[in-house]
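K.L.:
So you can see what is in the structure, the chains are spelled out below.
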Amino acid sequence: MQNQNLSFINKIIDSDIFFSFKKSPTAIISSLILVIIFFCSFFVEIIAPYNPFDPSSLSLMDAFTPPSWSEGGTRNFLLGTDGQGRDMLSTILYGSRISLIVGFSAILFSLILGVALGLTAGYFGGRYEMFVMRITDVQLTIPSILMALLVDGIARGIISRELHDQMAIYVLIFAIGISEWPQFARVSRAATLVEKNKDYVSASTIIGVSNLMIMLRHILPNILRPILVIGTIGLALAIIAESTLSFLGVGVPPTTPSLGTLIRIGNDFLFSGEWWITFFPAIFLVLLAFSINLLGDWMRDTLNPKLK
Amino acid sequence: MSFLKINNLSVNYIMRKETVFAAQNVQFDVSKGEILGLVGESGSGKSTVGNAIINLIDEPGKISEGSIFIDNIDIYRDPKTIKTLRGKKIGIIFQDPQTSLNPLLTVGEQLIETIQTHLNLNNGDARRKAINLLEEVGITDAENRFDNYPHQFSGGMRQRVVISLALCCEPELLIADEPTTALDVSIQSQILELIKNLTKKRNLAVILITHDMGVIAETTDRVAVMKKGILVEIGPTKEVLGNPKAEYTKSLVSSVPPTNKKINRFNVINKIDNQVNLKILNRWKKKELIDQNLIEVKNLKKSFHDGIFSESSSKDVIAVDNVSFNIKEGESFGLVGESGSGKSTIAKMIVNLFKPTSGEIYFDKVCINKIRDKNVMLKFRRQIQMIFQDPYSSLNSRMKVYDIIAEPIRLHNTLIKDHELKDYINNLLESVELTKKSAERYPHEFSGGQRQRISIARALATQPRLLVCDEPTSALDVSIQAQILNLLKDLQEQLNLTILFISHDLPVVRQMCDRIAVLRYGKLCEISDTENLFLNPSNSYTKELLDLMPKIESIYETR
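So the protein lines, in turn, are chains D and P. Mapping the first sequence onto our numbering, position 214 (from 1) lands on 658, and the numbers just tick up by one. Mapping the second sequence onto our numbering, position 279 (from 1) lands on 280, and the numbers just tick up by one.
Take every hint as true, because none was put in to throw you off.
Taking lysine to any residue and the SDA-like style, the derived pairs with C-alpha atoms no more than 25 angstroms apart in a straight line are:
| # | chain 1 | residue 1 | chain 2 | residue 2 |
| --- | --- | --- | --- | --- |
| 1 | P | LYS18 | D | ASP460 |
| 2 | P | LYS302 | P | CYS526 |
| 3 | D | LYS642 | P | LYS302 |
For the record, the hints were derived by calculation from the structure and aren't laboratory data.
The shape of chain P in the complex, shown without the other chains (with noise of 0.2 angstroms):
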């Protein structure tokens, strides 16, 4: 017997220039003592059918078409029954623990708040409601923490009592969007733990929206996968995933970068998969590689002083304390780390946007670090260039993608003409799979992926030999990521790059480096071969993150 019902949802978004079809058509149930999950790449409506059910479509979206049933009630029908259920019958997770609490009110306000807006409770029992769900959801010393603020929590356990508020009036359906996706590895695997638990110890119907394969690989029983507001699949999660029949299933499954073995390229459907036809190498002086080291890094910290009055160093936050490392030239370096290990601050460092509080970093033997001379700098800064997280700050939006890329060649080779300019710009475009037409556009007319390669031929134009590339892909959506990391494997085998590869996620790091180094809280905990690394992790903390990364391979064990 299935307790939510949808059937034939339409959902429309009816915007000045056109119509946007967000939800077409779509049609599933869940039982209670379930968590389906809705699974699907941005924009592909996955969110609006979790706010459809909750009615949280905003102007102008509206639903054209369909019904929804919570036990055999049709919660449309009728807009007053949705606000009854709503809280009480349906409770919701957000994605971002920072802002679905009020920082203003403590935890304890909130939840009494919320419970006695449900149920017919005096403060005292509200009270030792409150206190029980704080200890169902993993809250130790729950009594204490109760009076304590949102900001007073990390972000795990703020999580953990958003989930608890969810559950204060004893709902039946849990929705989570993307509940775990501003956490941390080792925290989500403990927040899908939690909303498993609760699943069965409460008898819940859940739906989990989420874009990571990995999540839905380890926690759900069955799947229904969305494209374009279109669903395209549905069905046990184990049967889906392992073996999916509808085309977009097996190109967003191979897209997922494995965890358990090393893969040359990814496969790409649907896109032709050349290697890419490198003219640039006509310009490009290809040096051959030396079994050399071309960055050392002695001894580096940094430290940033916190607050503008207090002159003592004591209260100074370190974020890289005393780490060294080699990069071969022609290698690939993983370094990997959860937020705020001070992998970002070490990239910065590299690429001169920092300065480090102590010790030394080598370029081609040459300390960098310490280069006052603005015209010797200049020289080292055309060698190091980097490609950057978010593709939609990276790139000036008031610029043209031609001048966008002209910058660096033109500062850096100031006597080029403007033909063999063009000629150039249009060779860098080709070489990252972009049309010569992208030139005369400007950057918020490309999609997340686009830019991304826009950013790296604007990294490519002055032929650096270090890419420091700091998560360029975690912002982009799995099978635009394999294509990017694909690119960025060729552009490295034909020009000889190295790369400072830096992410969170494990099974990217695999594929793309040869060695990784793990950090945490600044400090090295490791440095090993990737293979080594994967398979016999030396540090706890290592096999700590390799344990409770999401495996989309768990599918294939039997449960």
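Isolated chain D (complex conformation) (with noise of 0.2 angstroms):
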């Protein structure tokens, strides 16, 4: 068994991936970024310094301490403290895992209902693909920020008010997702029209394999690249927007703070001088979402032969 798993880290270092990996300072230093980041994020109980949300540990004395190196600061609070005295680099730890769980599921979400209709459509074709591409035109036309914003606003008007804070971070889950699956279903409906043409689906066809699995178990696996590619770039996105709806004060309540509402809470104070409130987790989101982007913009190059 672990000889197996070893010749598999093997073809892992001997792959033509991995070998362009090694060659790509961006793919290297961003997904070093990442990788701290994601393991910061959900080791955060650990990691952090302090727990902000802990009210024993906090105190107001300690309320907007400037970052440890500048006049005034503390070396107790590397980033500073907030107007509670929360200390800022363990909310941001904290943000950044809301964030990152709420992109990740949003993707998610959307990746899924995406390709499933996508793939679905570009396999039977016929009508059944027209109205599914008609919608994706339509809903392409609505900028997403707008369409999460109209899902938010949709998703008070039901939920209770006190059932609303508990509830907030799944709203914000749909309505992301559901603003950004128009894209996966578009590029697995083009992959899908390439590999239904080749041969192997029609051998499958002959064989006689339903059209579910020819579905799953052969058009699938090989439209994934472009998927996962598109699903990448699509993640920044995301977590973009969520800061987005947090910042404007639809996204997750102030009481379990994200990048958004961190950003946004810091905002106020920026116009008295405690710039550092608004200014790490602003640079902390620019960072994450940058990362992913280059790592993106890296596998779209080396998993697609036809830009080399």
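Mind assembling these two chains? They're in different frames, but the hints should get you there.
P.N.:
In structure tokens:
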């Protein structure tokens, strides 16, 4: 068993993808940053110096402490504190976890929805395809933020106020997911149209394999590459969308702040000189989205032989 | 006095894991008024040599050694020389006339542009010259066709335009890289005739790169045989093909299906050629052959609707028009025609990928194109299997060979146990002469011929009675083709298979089939026993096809 694992690792190291990875400094740096961010966000309880949501550890005396290297900063709070005396570094790490969870779930949701619709549309064709693709066309004319705002607005109308804070994160995932699926549908439909005319699909049809199995076992694995690429770039978009919505105040509530919420809170203090409260979450968000995008770009270049 | 002289040429491709020696110490010369054939299988480096002459070797390839002289000028000493020579002294004809012309410019514009880059002519003179060239390559009504776009020409005409482009600047050396591979037989012979005439008339030195021994036999004066980058043998065509000295040339020549007789098996040299050992026979419920029709096709018709918005059927493309034929059980039946003759469409209707517009297909006396019930259909699917042309797209590259072959077995025999399945797959692989280890690998680890074997194993997995082979060897090299054809013959004999064999390659069909149907524009021209068809064809189109096919035997006749 171990031997098998080893040979699998060797195979990865030997593969062309890994080779081009080694040769691309952008890919290495961006994935390094991402690994650090992911690690810190998911083991935040261990890594973060404070728990900003534990009221007993907070002291208003510490409020508005500037970053440690500037005048008045202390070594206890590396990136300073906010208006409630919460350590900025810890809040950012907790916030990025929420941002990542929302981003990943939203993109997974839209990926499954979009691929399911695009794959079936491409495979079956006809009126059904026409119908699905026209819906994506219509939805693509609506800006995704507007779409997300609309969904959020409707959700607020339906769900009671007390429940809303609990449900906020799910509403957010749904809102972002529903606004991102058309591009997955388009890409997977286009790729399916190419694949379904290949002989291996005909061979399976002749053997008698059912349509569902042909789609799942034969076509889906062969169209995954372009979907993964737009999925990665979509992830950055989803995280930014989450932050935008939270910044506008329709995202996650301030009690469990995400990066966007933190930027919004900090925004109020920007003109009174406490720049770090909004600056660090913003920089963190930029770094996160930028790294994902760079990695996505690299993936698109290596996974798509046509671009070489 | 040789015009082109290649000395000791070596081309290397330095890759990440290995260095590929695409050409090693290749040495030959070409004189004016002579056609030199450069023949070899895929990967033999024949195109590399052609590209080296015109300095078109892509990165990471590099000429590591040797020199090329044109008219006693070393063209590699000074990179500037090659630029002035390319196009001026050297003309090039590429394989695919679809992509070697710019679709957005008229033929005339492309000709004038090329003429004016190399010759100092004003527009009027250039136009006159271009029209003359078009006439020279056999385009009728050149004056009017001058302003047409490439898509308004047929494939053969387009290749003529490409040739006229190559001739624009009065070259003295012409390099034709597989100039007729993408064309039908009848057009192929016209183009080859044109190249032969031009060689004489203009006193050109011509290098004809091809994999087709028939083309070599009919066109070239001398031939150079290449294998894995090494020049194996060079000499007058008649000697090399008629009395080959090198072992490789011998095997190459013996793999070519003869056009004038039917042979039982191909001689495959360098390979232990034994009859396949069929352990699958234990599982196979081999049917005794009964003298009856397995397939009856009656008045089959298929039209494709052209365009989404027009509802009228006037613009429909009729691919198959009123075709009827029968295939006896145990027979191999050939379906022959040029591209667009509807032969693949018929195959796809028989395996039920397309529904016919009208007409019936009977399999074992049941009309299979009107079955609605999925389970009934599945029973027939099991009995009709297909082998495809392109071995690269007919296997799912994300599945292991084991899973590829297991899929049809599991589907049609849901109760099969794992160890039984494994045994059966091993036997199947063995019967197509692949090792057991192949099961654990992915398709991309195999060569084209091996992939085609996997494809055959998959088709055999359901124990079909009818095997539809749609150009099963046209993507393969001749020596591999010989092996695959031998394999198909053996399998048919031992398993009592009925085969529907579709091909554009008449010599191959002659070796494989008992009876042949000739198709043209979706209509049936003639059905006849193979020998009868080749010896006294009754239909004029069949006669034309037979006359035009390149014959390797032609070298034995005095020219």
